[in-house]
Amino acid sequence: MASRRLTILFSIAFTASAQSVIVPSACTSTIAPQNAAPSVAPGFRVEVVANNLARPRSIQFDLEGALLIVEQSRGVRRIRLSGDGSCVRQNGDVQNVTDNASLNHGLALSEDGRTLYASSASAVYAWDYDASQGQTTSGSRQVVGDFGPADGHVTRTLLLSQMVTGMLLVSRGSGPNVDPRARDRSTAISTIKAFNVTNATSEGYSYINDGLLLGWGLRNSVGVGEEPVSGGIYSVENSVDNFQRGTKLINENNPGEEMNFHGYLNGTQYEQQGGNYGYPTCYAAWNVSEIPENQGISVGSQFAIGSQNDTVNDGNCRDEHIAPRLTFQAHMAPLDVKFNTNGTGAWVSFHGSWNREDPVGYKISFIQFDGNGSPTAAANSTTAAIDIVSNPDLSECPDNCFRPAGLAWDSQGRLFFSSDATGEIYVITREDGSSVNTVSEVSSSGTTTGTSAAPSPTVSSNAAVMQNWQDASIWSVGAAALAMLL
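In mature numbering (1 follows the signal peptide of the UniProt record, and there is no 0), the protein residues as written are -18 to -1, 1 to 468.
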């Protein structure tokens, strides 16, 4: 595919006469990626920081600057890092923080850095944590339990609010692909809730019965983020597979993945907070031309699965459910979302598809925000997500590709991400190795979402059709010149 030509704008302006192309310095030591070198957008650089991990998922920096990592079905690990700019590497052996084979994804650290949270399919646990030693100093205690059946989507994403101390957000996905139990709000299936962990009792909370409901009808919102200016809560949604409209299977390009807005924890009023986002009956359109009976449907519109009737129909979906703030290409599988400090951008990890003839996703993308809590793109945009790091040959995916999962900022504004499929941790910086936290806009010149960035020339490296709606209804940057405002 044609290279994405990008202009990267940073927050501090400079005069036109000062423009120059930065030549990145080589690192004295590098870790080769397991698969092909990532494609990187102009103005950015990516390096492998660590490898040989066991399915790393969520990641989080502690107060000592060490990286905490959930190794799926093993526990929480810790690695120390050394080096400057993009030339940062693992320093020393992996430390074992806690062994627990039930831990699979969720990870959070309290504001004072002294309480560690992690989750299994059935519970959220907390430990006292000493960052100076990289060790827990207590046994585990259950903070939230009673999630109901641990079937299907078993990750329980965790996010501690930076705006409201002690508020822990927990996301719980569906069981099967299309889960009829999610139609009953009281089951708490396919919901996001918030819990005040400063008031937690020794028995802990019941996920089903307790907590502040931020939204339901959310199939599997693995990524949850807090916009830092307004305090708005956003999630990114993994939508349904094997989608059928009437008698026609349209799963290749529908429904779209979603970015949803859930209001605030800081007291700001949002009348739709706790509302229904449609699942399991209503979904967001992506490729409208492939949807039968598509009158009145546009990108991002809620429309009905299966055959329409008096209670499940496009009108009901549109009028009674909350539409996504943005919609992404079907099956890209977003797993995390992190905002920059000034609220001008969100970074999203797209884990990549399995239910599509031509793979999509497998990348890190940037979405521009306005600095006041909202994305700048319209709700029906198909170009809101701009690719920053991607796999150069999607035909090799999923078996021979990195698959982004968790995201984390360090104190220097570098963005780290895990690849669970390859056991790697990567870092994203500007081309000169400096912070990407100040990036406020990344604009393409006419290409659409899904176009891969140019591959680096310098690095080499060693369900069935639905039967009914219940069952399945730079390395271095290339030679392109940049116009940069520094």
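Any given hint might turn out to be false.
[As the list claims (entries may be wrong)] Here are the computed lysine to aspartate or glutamate pairs in the DMTMM-like style, where the Cα-Cα straight-line distance is at most 25 angstroms:
no., residue 1, residue 2
1, Lys320, Glu93
2, Lys320, Asp128
3, Lys320, Asp94
4, Lys230, Asp192
5, Lys320, Glu272
6, Lys230, Glu339
7, Lys320, Asp166
8, Lys320, Asp66
9, Lys320, Glu423
10, Lys230, Asp292
11, Lys230, Glu93
12, Lys320, Asp44
13, Lys230, Asp296
14, Lys320, Asp296
15, Lys230, Glu275
For the record, the hints were derived by calculation from the structure and aren't laboratory data.
If you're wondering where the values come from, they're calculated on a predicted model, not measured in any experiment.
Hint by hint, here is what the structure shows:
1. Lys320 to Glu93: Holds: Lys320 and Glu93 sit about 17 angstroms apart, inside 25 angstroms.
2. Lys320 to Asp128: violated, 28 angstroms
3. Lys320 to Asp94: holds, 20 angstroms
4. Lys230 to Asp192: Roughly 40 angstroms separates the two Cα atoms, so the pair is violated.
5. Lys320 to Glu272: violated, 32 angstroms
6. Lys230 to Glu339: Answer holds: Lys230 to Glu339 is near 17 angstroms, not above 25 angstroms.
7. Lys320 to Asp166: The given pair, whose Cα atoms are some 30 angstroms apart, is violated under the 25 angstroms limit.
8. Lys320 to Asp66: Holds, because 22 angstroms separates the two Cα atoms, which is no more than 25 angstroms.
9. Lys320 to Glu423: holds, 15 angstroms
10. Lys230 to Asp292: Measuring from Cα to Cα gives roughly 20 angstroms; hence the hint holds.
11. Lys230 to Glu93: Violated, at about 50 angstroms.
12. Lys320 to Asp44: holds, 17 angstroms
13. Lys230 to Asp296: holds, 16 angstroms
14. Lys320 to Asp296: At roughly 32 angstroms apart (the allowed maximum being 25 angstroms), Asp296 and Lys320 break the hint.
15. Lys230 to Glu275: At roughly 11 angstroms apart (the allowed maximum being 25 angstroms), Glu275 and Lys230 satisfy the hint.
Checked against the numbered hints listed earlier, the structure breaks hints 2, 4, 5, 7, 11, 14; every other hint is satisfied.
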